[in-house]
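*Asks:* So the sequences go chain by chain: A and B. Just so it is clear: in the first sequence, position 516 is 516 by my numbering, and no numbers are missing. Just so it is clear: in the second sequence, position 19 is 19 by my numbering, and no numbers are missing.
One thing to keep in mind: the hints can contain errors.
To be verified - With beta-carbon atoms standing in for the labels, derived distance ranges:
(1) Pro43/B - Arg256/A: 35 to 43 Å
(2) Leu434/A - Val59/B: 39 to 47 Å
(3) Ile19/A - Pro43/B: 39 to 47 Å
(4) Leu366/A - Tyr12/B: 18 to 26 Å
(5) Leu14/B - Ile19/A: 17 to 25 Å
(6) Val59/B - Thr462/A: 49 to 57 Å
(7) Pro114/A - Met98/B: 57 to 65 Å
(8) Pro45/B - Leu260/A: 24 to 32 Å
(9) His96/A - Arg76/B: 53 to 61 Å
(10) Thr83/B - Ile19/A: 25 to 33 Å
Read the hints as simulated data drawn from the structure, not as lab findings. Quick caveat, the model's predicted, so the values are computed rather than measured. Think of the CB as a built atom: it goes at the ideal place given N, C-alpha and C, for glycine as much as any other residue.
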Amino acid sequence: MKEGFRQAMAWLHTWTGLIFGWLLFAIFLTGTLSYFKEEITHWSRPEVRSQALDPTHALEVAQRYLLDNAGHSGTWFIRLPNAREAGLNVGYRDTHGGPRGVVSQTLDTQTGEPLQARDSRGGEFFYRFHFQLQMPHPYGRWLSTFCAFIMLLGLVTGIITHKKFFKEFFTFRPGKGQRSWLDGHNAIGVLVLPFHLMISYSSLVLFMYLVMPAGIMASYGNDTGKYFNDLFGRNDAPAPAQVAAPLVPLAGLYVRVQELQPGARIGDIQVQNPGDRNARVTFSQSSADHVAYRRSANWTFDGTTGALLSQGKPESGVMMAAFSFAGLHMGNFAGPWLRWLYFFFGLAGTAVIGTGLVMWLGKRQLKHAGNERLPGELRLVEVLNIASMSGLLLAVAGFFWANRLIPLGVQGRADWEVNTFFITWGLTLVHAMLRSGHRAWAEQLALGALAFALLPLLNALTTGQGLNHSLPAGDWAMAGFDLTALATGLFLAWLAGKLSRKPRAAAGRARRAASTPPAETAGAS
Amino acid sequence: MTRKTASLPLSYRLAVTSRSLAALLGGYLLASMASVCIALVAPLPQVDATLTGLLLSFVFYLLAFIWCFACRSALRAWLGVLTPTVLLSVISGLAYWMTSA
Numbered sequence: 001m002k003e004g005f006r007q008a009m010a011w012l013h014t015w016t017g018l019i020f021g022w023l024l025f026a027i028f029l030t031g032t033l034s035y036f037k038e039e040i041t042h043w044s045r046p047e048v049r050s051q052a053l054d055p056t057h058a059l060e061v062a063q064r065y066l067l068d069n070a071g072h073s074g075t076w077f078i079r080l081p082n083a084r085e086a087g088l089n090v091g092y093r094d095t096h097g098g099p100r101g102v103v104s105q106t107l108d109t110q111t112g113e114p115l116q117a118r119d120s121r122g123g124e125f126f127y128r129f130h131f132q133l134q135m136p137h138p139y140g141r142w143l144s145t146f147c148a149f150i151m152l153l154g155l156v157t158g159i160i161t162h163k164k165f166f167k168e169f170f171t172f173r174p175g176k177g178q179r180s181w182l183d184g185h186n187a188i189g190v191l192v193l194p195f196h197l198m199i200s201y202s203s204l205v206l207f208m209y210l211v212m213p214a215g216i217m218a219s220y221g222n223d224t225g226k227y228f229n230d231l232f233g234r235n236d237a238p239a240p241a242q243v244a245a246p247l248v249p250l251a252g253l254y255v256r257v258q259e260l261q262p263g264a265r266i267g268d269i270q271v272q273n274p275g276d277r278n279a280r281v282t283f284s285q286s287s288a289d290h291v292a293y294r295r296s297a298n299w300t301f302d303g304t305t306g307a308l309l310s311q312g313k314p315e316s317g318v319m320m321a322a323f324s325f326a327g328l329h330m331g332n333f334a335g336p337w338l339r340w341l342y343f344f345f346g347l348a349g350t351a352v353i354g355t356g357l358v359m360w361l362g363k364r365q366l367k368h369a370g371n372e373r374l375p376g377e378l379r380l381v382e383v384l385n386i387a388s389m390s391g392l393l394l395a396v397a398g399f400f401w402a403n404r405l406i407p408l409g410v411q412g413r414a415d416w417e418v419n420t421f422f423i424t425w426g427l428t429l430v431h432a433m434l435r436s437g438h439r440a441w442a443e444q445l446a447l448g449a450l451a452f453a454l455l456p457l458l459n460a461l462t463t464g465q466g467l468n469h470s471l472p473a474g475d476w477a478m479a480g481f482d483l484t485a486l487a488t489g490l491f492l493a494w495l496a497g498k499l500s501r502k503p504r505a506a507a508g509r510a511r512r513a514a515s516t517p518p519a520e521t522a523g524a525s
Numbered sequence: 001m002t003r004k005t006a007s008l009p010l011s012y013r014l015a016v017t018s019r020s021l022a023a024l025l026g027g028y029l030l031a032s033m034a035s036v037c038i039a040l041v042a043p044l045p046q047v048d049a050t051l052t053g054l055l056l057s058f059v060f061y062l063l064a065f066i067w068c069f070a071c072r073s074a075l076r077a078w079l080g081v082l083t084p085t086v087l088l089s090v091i092s093g094l095a096y097w098m099t100s101a
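Same shape as in the complex, but just chain B:
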């Protein structure tokens, strides 16, 4: 791998960097939004719902990492992580609006 990297094209390196950022930052955003969504939506007492969200968030982070390096392109990595994040944000937003209204 290391010898090869010297001859690897720049586009490949940028793609790996992009995937890494998608996993690291995009994945964290996804995991955070998942924990928020579960905390607000789960039909449990407040503390239990929050705790469940925290406990499960790492599963989302893990899946995001795997997705970001398994999918076919860096663009798909970002899309695959950000689409569910947006979806979870919308659900969380609705839940927040309904409980505070």
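One chain only, chain A, in its complex shape:
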């Protein structure tokens, strides 16, 4: 670090990138999958069929179910079906209830009966993993937020290192081994730079209350709850009056909301103190309706008279800034095309991290090209590179195979899907340790290619909702999943094919490079 500023930043970029790259790769890949969280859930629970949306009818169904099953509970939650979520989700607070003290159930919109769908966490698993890392609260969130900070640091130090990056962006030298990896790393990094900056900074915004609490404590003292009430403009519901009073029909309130805000899609509905004189019903507008989170887009009614009590408070400028970052990160507002763009940007971010890790090792491997064995620390990086990249892809595939193969009646079925994910991941680590780096890459990618490419077939055989059914039926979420799996399989096969040819190609390149112009060696690696 006696060198200049740019060298120092390159050093920082290299080393923070290496240490956090493996985890960042997993966070980015599972985060990218989360843009299709509902579609993955739809694939994972094929029994939940999409039905024509009828919010008032769905609300009647939900209210009846909750009256019959959750009369004792102080808070009900209802989530209406929408274009991306077919099921009607209801929940209620129950001290003996499931995770976080809430019992949840997906209902059939027509009959109001609990849906007999397979027990699976679907897209929710990848979504939760990408910021909780399967660690106990709050450590996973801390770690993933710190990783996001390192990503931001990596972007800034990367920009400083490649200060001529706009010029370098137009220099792509394929088929040049290490040089091509660097060009690819730079090109993708620069092309998607605004997205990368947004996604890493907004991750910090999402969890800043958790990782940077000093400001809140200094300003609000011990009453941090007041900060959140001020921020989200919430008024606490009054305590139950302990006087029984029937709840007004929620469907009627829904019609009122539509009069107040024509065309509003409704996200969550919360009922507090149902069956009590102090009942409160809050309708929140779906986050799909705005880019930014809107605290103003909700309406609270008196649950016994049906009178509109309050509307969400307007946002200040600072709030809009913070809420916009949150909204941009989650991309709930995105329609199909923009959602695909998000997905590809996310993949680009994953690729920038992956190419960086490959380059770190490649550069240092060159010095040991003649040796039979790599030095221990380089071998460690190699094994971790393989397990964290191709291994993770196999683990994702394992999750989906488990979803189709574990019998429906098995106790703790959803947990077994998650276990399959981690067991597969662990096995890829063992495999990477036992095989030479080159073989491990090729074998894992080839297996990954097979696992993904065969998923549509597996789906067709086990559920009868394969592409031959989903395409004519116009079930684009199901068909899109299968086609994406197929495309992933083909891409991995191409990658595996390239890798299994590499040693000869690289040797040939060295010979040819001396005699032929560069254009002819294109595609050799």
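Position chain B against the provided structure of chain A, taking the given hints into account.
*Replies:* Relative to chain A, chain B alone:
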């Protein structure tokens, strides 16, 4: 780098460790104090001032990281991070004392 590390002197390694700690812990302290200071001093409603402090704190953390690895010595890294932290603490302390008095 890795081959080199074997021959790098211990003092260099300790200096890198010291810089890392300055960035990680000193930088966090700086970022926290910056968010406290902005929350208490910014002429905005309480919730907006607090939110602004939180939003900007990461900029300070980022600058602290860059400083800690760009400056000439580990000592400068610590000084560069702790001096503004102390300054921000004094301003925050004054602001806190004035509002609560």
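*Asks:* Which numbered hints turn out to be false for this structure?
*Replies:* none
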